[in-house]
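Sequence lines, in order, name chains H and X. No gaps in the numbering here: position 158 of the first sequence is 158 in my numbering, and each next residue is one more. No gaps in the numbering here: position 291 of the second sequence is 291 in my numbering, and each next residue is one more.
Each hint should be verified, as a subset may be incorrect.
Unchecked claim - Interface residues of chain H toward chain X, partial, derived using beta-carbon atoms under 7 Å:
| hint | residue |
| --- | --- |
| 1 | D120 |
| 2 | Q500 |
| 3 | T503 |
| 4 | C510 |
| 5 | R514 |
| 6 | E515 |
| 7 | G516 |
| 8 | K518 |
| 9 | E522 |
| 10 | V556 |
| 11 | K558 |
| 12 | T560 |
| 13 | L562 |
| 14 | G564 |
Unchecked claim - If you anchor each label on the Cβ, the simulated ranges turn out as follows:
| hint | chain 1 | residue 1 | chain 2 | residue 2 | range |
| --- | --- | --- | --- | --- | --- |
| 15 | H | L541 | X | R78 | 23 to 31 Å |
| 16 | H | E458 | X | R78 | 51 to 59 Å |
| 17 | H | D582 | X | N6 | 35 to 43 Å |
| 18 | H | S540 | X | L97 | 54 to 62 Å |
| 19 | X | K125 | H | S540 | 17 to 25 Å |
| 20 | H | D582 | X | G115 | 45 to 53 Å |
| 21 | X | G115 | H | E297 | 35 to 43 Å |
| 22 | X | N102 | H | T592 | 32 to 40 Å |
Source of the hints: derived by calculation from the structure; they are not laboratory data. Note that CB positions come from ideal geometry on N, CA and C, so glycine has one too.
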Amino acid sequence: MNTFKEILSTKVPAENFVELIGGKYDASKEGVSTESISELKAVLSLEKADKPVILVGMGTCGLANGAQEVYDMFVEEIKKHDIDATLTKVGCVGFCAEEVIVDVKIPGFPRISYKRVTPDNVNTIIERTIVNKEPVIQKALGKYPFGDNSIWSDIPMLSEIPFFKLQEKLVLENCGVIDPEDIDQYLAKDGYKALSTVLNTKSPLEVIKDTKKSGLQGRGGGGFLTGRKWEFAYNEDNEQKYLICNADEGDPGAFMDRAVLEGDPHRLVEGMIIAAYAIGASKGYVYCRAEYPLAIERLEKTIAAAMEYGLLGDNILNSGFNFHLKIKKGAGAFVCGEETALIHSIEGQRGTPTPRPPFPAVSGLFGKPTIINNVETFSNVPTIFRKGPDWYSAIGTNTSKGTKVFALSGKVVNTGLVEVPMGTTIRDVIFTCGGGIADGKSFKAVQIGGPSGGALPEQFLDTEIDYENLQEVGAMMGSGGLVVMDETTCMVDLAKYFMQFITSESCGKCIPCREGTKRLLEILERITKSYREEESEIDSLMRFQGMLYLERLAEVIKDTSLCGLGQTAANPVISTLRYFRDEYDAHLYDRTCPAKACRQMLTYTINEENCIGCTLCAQKCPVNAISGERKEVHFIDQDLCTHCGQCELNCRFDAIIAE
Amino acid sequence: MNIKINNNSYWANPSETILQVAEREGIKIPTLCYMADLVPTGACRICVVELSNGKLVPSCAYPVSDGMEIQTNSKKVRRARKSIIELLIANHPQDCLVCVRNGQCSLQDLAAEYGVRSYRYVGEKRSGKLDLASPAVERDPEKCILCGRCVRMCHEVQNVGAIDFVNRGFYSNVAPAMDRSLNTTACVYCGQCITVCPVGALREKSYLKQAWEAINDPEIHVVAQVAPAVRVAIGEEFGMAPGTISTGKIPAALRRIGVNEVFDTNFAADLTIWEEANELIERIQNGGKLPLFTSCSPGWIKYVEHFYPEVFENISTCKSPQGMQGAMIKSYYAKKVNIDPEKIFVLSIMPCTAKKFEAGRPELSVTHQAPDVDVVLSTREFARMIRIAGLDFTRMPEEGFDDPLGESTGAGAIFGASGGVMEAALRTAHFKITGKDMERIDFTPIRGLEGVKEANIKVGNAVLKVAAVSGLRNIDKFLEDVKNGTSDYHFIEVMACPGGCINGGGQPLPQTPEKIQKRMEAIYEVDRSLPKRCSHYNDSVKALYDNFLGKPGGKKAHELLHTHYMKRESI
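When you get a sec, could you build the whole thing from the sequences and use the hints?
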């Protein structure tokens, strides 16, 4: 007996199999013993292993760090050692900084995670762990619970290492833990149990009530109460309704949806089926960006498997409920994450937003009532219905319930995905999960909520993360990007970066966003330019004129833009102006960049005391702006210098002054 | 329900938008992208108003709700609108002085209204290539403010889709596919895009220079013809009330400009009726292809050539009145006055931009050398000509058109409004079939500005099922029925422009529904005021047949007054 499917296809009626797996359905008359089911479940969920299992983290982050090579080496080494072991690909466990992560589970021992595994380590892991049954201590990240946890006592529990200890994994529960392409493993982890419960015991209205009770809010950024949104569509009397999953994750520095799509796609599908049942939708789309090829591939397999198991399609689990799911690949426009633009994109139109009202819940895809939620929102749904809305709403703060996944990146030690309860402080996320600032530098700011969010300085580190608190201090939850910046980041440069992003992603439909963000960017470009690049006095005056109107323009863009992208487009400027005005002043009046990040403003000179005349800088200078005899002090020609910074980067004697 | 605008209470219908209530109550809110009968896109944001929660919402797209409190003139609103205008100006060529729309530009008006006194924002400007290749419509993408009105007109009203948005963000533009020129597209040159363009990004191709050169050349005999819809609209260009009839002032002005002879396209409209009524009767009596579609509107004809070549046999082979008049001038008239047709220059004054294209059709040349119509000027261009010539149009005397191509009846006049060609043809067909005029000359069921008007009319023993359609989107279902062989109509009039020539792409700007209504009323006033109201009573047309053409549908008439159509590809 290898899979649930074999049991199902031969003996047990499809509508009962989720109960069967859950132990609630007695299949002994069909010749399937309860023991054989729980045995299969234990094996699939790796609580029990009859032979060694090796699990390689092969999400996009793992692959980028060489997981494929590691995997190939395991194939080779397993053959070489002639051992009977199972090699499995799993998604990302969230600790991207430590990829490639490889887990090994051998019979009678805890599952152990190894970090930063390279092909060179594969032989050691096999010989030491699989053959000799001992851990490779220097490579160990942690171990999973097993018995009384006394085996391999010098290895910490994975859940107790700093990166994981504050986390509460609901959405990411299975990511990096199970094989995302194996529906049986998801089933063994109580997958589709929530769906079965819902279809068998709850009316659509009860599903909506429970969802409201759980307090789940849209995780795409807006934070609208999910149950209430569903209710709008439920109340619409229409034969055809649609459900859409927004998987067009486009914020720079956000990758939590990808982790779910790549690591636990069945969770999303289960959540979507429950939502579709609640609102009465018979058709659904996952709108996934084409830049996520692996996610799309896994999602395709997931849908096919769910169809095969009777979990998708017509008459799901014999309930009479039909739901068909399709994948629509986005063509790479950030604005298509905005729901009306996304709808137009699915319809085959130009991806531009339209005014709301009418809201999609009333008139959406092809003019029909449509509900759009993002990946993380749907992925919370199975948990809510497995554990109950009260259990769920007990997590979090008074106003924001459940957990939030953050993509932690930038200048922190531990980059990766962290899922923490609402109400966790920013400081805990950055300094406990994230392990603090990398390279011994000091914290300057954290950009929360992607380009639409805001940059918060040190004084807000103790803010408890929830929708209201972040809004109050001038950031937003957004999709959950957390980009940490240290003293070497210039806040004007940061605002400029985000404005570049916004201007290239603006759809161009409404005037304030199309024209306004371009002017904001130009104003920022002017104040971060060197005076040498100015052609006339008019240019110098323009810098000041621009700064005079920067705030006014930012406010108008915020107030008048058509869609969420435009309305939040100026946030990076508004928030940096609010907390880092001194940096703007330094650029404008002193023509300096305190963080020394705006290289165009810097003057590169040679420190005559330190220069030993090694000539390296002159060799590296791409425009031959540096001259000097060997063993003599060198000289930089300011007219030729392009401020590329290569000399400073290459000087080993600290002889280049940039200021 | 009740709402408050600027602290005053107003009654409002739940289906209304804020803008609709405000307009109804005389509270002015500026708009740029808004188009009255289409679903609002909310793109330009100039119509924002402030709600009591401090939010700015686009009044064109925002529905009213009970108890809503709206400010249309708060500090926040003024600042937002002014900023939007400033942003548009920052990305607009500063060439108002040499712009065709100088003085008729919404952006210029808004800048004046909101007191823009400096260039607050400056920087890069969008670029785009000037498209001058078509014979009728020119595009200047650098002047475009991307309101999208032309795109919507072309897609949603005219169903042509020759232009659309391309590129993204700051580099968005409106352009034909592959950024090609309009002349390679299915553009039918109706010019409706020009009439909705708030700035100078779209304009007619001007032939003023050629017209002046011909007039100034003593070797050239310049003959003008004036379309029916021009006389009820041109007054607007000179501050006269919409609907003012200027029939007599036009020939007076043309003569003072230096045109040698002034003929009336209304004459050719009567001539068209002789041929077309004959064609209709023949088809009905001899079991020919029905329904018969009219062929006066060159935009409509080009539309069929691009999209429905299967129905060519249903299209009347009659040239348009402009085409017939051009042919008669270069044959009958030339012979009569004994002037070499090569020395005759036919100048058409048309409410239309597509007529510029039509004039260039190679098949419309009786001499097989020069075109029958040398140059077509829109009503707007003609008004410019009058201004350049220093004429005070309002004080022009009333003069008549010249013989032998100047006499017209009321039936010729109503060609300018949707339903008019149909009505004129029915008046004559009825007479030809029954031997007597219709009891009531006014055939009102097919009058009005609706896009589709239908009627059954008893002619002798037969009942004819007829329709008058304007605005090209409205014609598709009729064409599909013809294609499928399920159409039971006898006669269908089609005008490309909604409402007909009175709302043509070459007419004075801006075109508002109220003005179109007035122009239409004036057209029927011209009809009513004429002693003869049926084409078959036009003695000059009768003389033309007696002295030159023979009989309607005869060999010579066929050679000179009928044409054929060609299948056209487009990108």
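Cross-check of the supplied hints:
1. For H:D120, the interface hint is violated, since its Cβ never comes within 7 Å of a Cβ in chain X; the closest pair sits about 46 Å apart.
2. Here the hint on H:Q500 is broken, as its CB sits about 11 Å from the closest CB of chain X, past 7 Å.
3. Nearest Cβ of chain X to the Cβ of H:T503: about 6 Å, under the 7 Å cut. The hint holds.
4. Because the closest C-beta pair between H:C510 and chain X is about 5 Å apart, less than 7 Å, the hint holds.
5. Look at H:R514: its Cβ gets to within about 6 Å of chain X, closer than 7 Å, so that hint holds up.
6. Because the beta carbon of H:E515 sits about 4 Å from the nearest beta carbon in chain X, less than 7 Å, this interface hint is met.
7. For H:G516, the interface hint holds, since its Cβ comes within 7 Å of a Cβ in chain X; the closest pair sits about 6 Å apart.
8. The closest approach between the C-beta of H:K518 and any C-beta of chain X is roughly 4 Å, which is under the 7 Å cut-off, so the hint is satisfied.
9. The interface hint given for H:E522 is met, as the beta carbon of that residue sits about 4 Å from the closest beta carbon of chain X, less than 7 Å.
10. With a cut of 7 Å, the hint placing H:V556 at the interface with chain X holds, because the nearest CB-to-CB distance is about 4 Å.
11. Taking 7 Å as the C-beta contact cut-off toward chain X, the hint placing H:K558 at the interface is violated, the least distance being around 10 Å.
12. Annotation: interface hint on H:T560 holds; nearest CB of chain X at approximately 5 Å, less than 7 Å.
13. The beta carbon of H:L562 is positioned within 7 Å of a beta carbon in chain X (closest approach about 6 Å), and the interface hint is therefore held.
14. A distance limit of 7 Å between C-beta atoms decides the matter here; for H:G564 the minimum to chain X is near 14 Å, and the interface restraint is violated.
15. Taking the beta carbon of each, H:L541 and X:R78 are about 26 Å apart, inside 23 to 31 Å as hinted.
16. Checked against the given bound of 51 to 59 Å, the beta carbons of H:E458 and X:R78, roughly 39 Å apart, lie outside it.
17. As the Cβ distance of H:D582 to X:N6 is approximately 42 Å, the hint placing it in 35 to 43 Å holds.
18. The hinted window of 54 to 62 Å between H:S540 and X:L97 is violated, with their beta carbons roughly 30 Å apart.
19. Separated by about 21 Å at the C-beta atoms, X:K125 and H:S540 satisfy the suggested range of 17 to 25 Å.
20. Take H:D582 and X:G115: their Cβ atoms lie about 35 Å apart, and the range 45 to 53 Å is violated.
21. X:G115 and H:E297 have their C-beta atoms about 59 Å apart, which leaves the hinted 35 to 43 Å range violated.
22. At roughly 47 Å, the beta carbons of X:N102 and H:T592 sit outside the given window of 32 to 40 Å.
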